[in-house]
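Chemist: Going down the list, the sequences are from chains B and Y.
Mind the numbering: the first sequence is residues 1 to 261 in UniProt numbering, read in order.
Mind the numbering: the second sequence is residues 1 to 261 in UniProt numbering, read in order.
Among the clues, some could well be false.
Heads up, the list lumps identical chains together, so a pair's fine if it works in one copy or across two of them.
Restricting the straight-line Cα-Cα distance to at most 30 Å, the calculated cross-link-like pairs of lysine-lysine (BS3-like) are [as the list claims (entries may be wrong)]:
1. Lys151 to Lys225
2. Lys61 to Lys257
3. Lys225 to Lys257
4. Lys245 to Lys106
5. Lys157 to Lys106
6. Lys106 to Lys61
7. Lys210 to Lys61
If you are wondering where the hints come from, they were derived from the structure by calculation, not from laboratory data.
There are 2 protein chains.
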Amino acid sequence: MDSQDNKTIGKIGRYQFLAEPFHCDYSGRLFMGHLGNHLLNAADFHSTDRGFGMRYLMKAKRAWVLSRLAIEMEEMPFQYTPFTVETWVEGAMRYFTQRNFAVSGKDEQGNQKIYGYGRSIWAMIDVDNRQPTDILAVNDGAIQQWIETEKECPIDKGGRVKMTNQAQYVRTIDTYYNDVDINGHVNSVKYIEHVLDLWPIDWYRTHRIKRFEIAYVAEAHAGDKLSFYRENGADENEFCIRICKDDGIEVCRSKVKFVKD
Amino acid sequence: MDSQDNKTIGKIGRYQFLAEPFHCDYSGRLFMGHLGNHLLNAADFHSTDRGFGMRYLMKAKRAWVLSRLAIEMEEMPFQYTPFTVETWVEGAMRYFTQRNFAVSGKDEQGNQKIYGYGRSIWAMIDVDNRQPTDILAVNDGAIQQWIETEKECPIDKGGRVKMTNQAQYVRTIDTYYNDVDINGHVNSVKYIEHVLDLWPIDWYRTHRIKRFEIAYVAEAHAGDKLSFYRENGADENEFCIRICKDDGIEVCRSKVKFVKD
């Protein structure tokens, strides 16, 4: 469970989490997928606390849809470590909002320590026709009062992941009951896991994920087969990944930058 | 994150959780795998708070190993619902302890509501040779002062899942980076997900999991292929499952009882 630190509501939300043991990998570090889940929860708590969360929007037949997520980490929290996710809205336009994240904790001396940062882009859809709708039309543009422009998020904004026709087919997986969320779509967090499962555990023994980026392009449903294609990016530790459904339609694109440990 | 309610330490630990949206299935109910994770966290917090947790035991080169877990639910918490997991040790013998769980929350009138119960059996191993060790030898049998005999856990204890040679092969899956925990073994929670993925989402539209039972028999590692065999149990809504590694060695056995919705 996640609880909010600050009962006075400012522009920045702060939420406490714990690197739970079953959410940590072979090295005892939090899995990127679980960190992604914590960021999405923080986003949801932050927007709910400020009157533009999912539960409020459902009444207005609107929903937030995650369009892109980028996470860049200096270090991943070690198991049993408490950490804080700060989140704030950097900007809101008619069809997109930019929401940032900072992940921090304490070092052994009790000093503030930054684990990393995240950036995300969200659209708002009409839940009936699933088309984008005007974010600024909700509550007379109430979201604009929450825009935080001072807090820094010193990581690259990212952008469209460029892929060529050189991408190599890696594998096809089935999607099952546990992959699917309440909307009947393959859950955003599960894509992160499936992408990172493309590398064997031995790769992770010598490489750490420095930056993970994912763009959600189309929706997949339970039972859809997902095919993964991969090619090198700027160097031998950067990879671009395309995920397609059976019919060849692209559902996600991702970029992963590793550093050698 | 999970926080403890009661700062005075009694025999029963109480921990608050939230049915997080990405931890809920297509119907908005908490996934059994995530509930299992919450129970295991509650067990860990409870034993840590009382001086016999994993972190303490690591210093003594000992570790708890989950041997069996049974969960029986009247209802699963709906998304965004806070709920409480109570846990206590029902009994401790030389080689096994029995730990129980109660999952509760509030109904719409604010009255206490029981979601369900769990039972688990744990062994303690020597982390060097991975052999069972004497639980009562730790801290002069300190665990015995925590045994709670009054609190009821009104679900069947379960036992060995009986399988015949009629079990049908269902599928073989690969195990990847995200399946593996800090010990290098396939994570106990992931087995729950893999078992429940044996049924298509359409089955879940008309059937609810009433009881889930799993016995951990042997360890699997990243890269092991897991094969699933299934047969009917006592009736058409009860199933027994065997999971084997490539070499045919059985790693888990599970029993799932559904009820028609």
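Chemist: Are the CA atoms of lysine 210 and lysine 61 at most 30 Å apart within a copy, between copies, both, or neither?
Modeler: neither (38 Å within a copy, 33 Å between copies)
Chemist: At most 30 Å between C-alpha atoms: does lysine 157 with lysine 106 qualify within a copy, between copies, both, or neither?
Modeler: Only inside one copy: lysine 157 and lysine 106 sit 26 Å apart there, 43 Å across copies, limit 30 Å.
Chemist: Using 30 Å as the alpha carbon limit, work out where lysine 225 and lysine 257 are close: within a copy, between copies, both or neither.
Modeler: both (26 Å within a copy, 28 Å between copies)
Chemist: Evaluate lysine 245 and lysine 106 at a C-alpha cut-off of 30 Å and name the case that applies: within, between, both or neither.
Modeler: neither (42 Å within a copy, 41 Å between copies)
Chemist: Should lysine 61 paired with lysine 257 be assigned to within, between, both, or neither, using CA atoms and 30 Å as the limit?
Modeler: For lysine 61 and lysine 257, neither the intra-copy (38 Å) nor the inter-copy (36 Å) Cα distance is at most 30 Å.
Chemist: Cα distance capped at 30 Å. Does lysine 151 pair with lysine 225 within a copy, between copies, both, or neither?
Modeler: Classified as neither; 41 Å inside a copy, 47 Å across copies.
Chemist: For lysine 106 and lysine 61, with the copy left unspecified, which applies at a CA distance of at most 30 Å: within, between, both, or neither?
Modeler: between (41 Å within a copy, 27 Å between copies)
In this structure, the earlier hints numbered 1, 2, 4 and 7 are contradicted, and the remaining ones agree with it.
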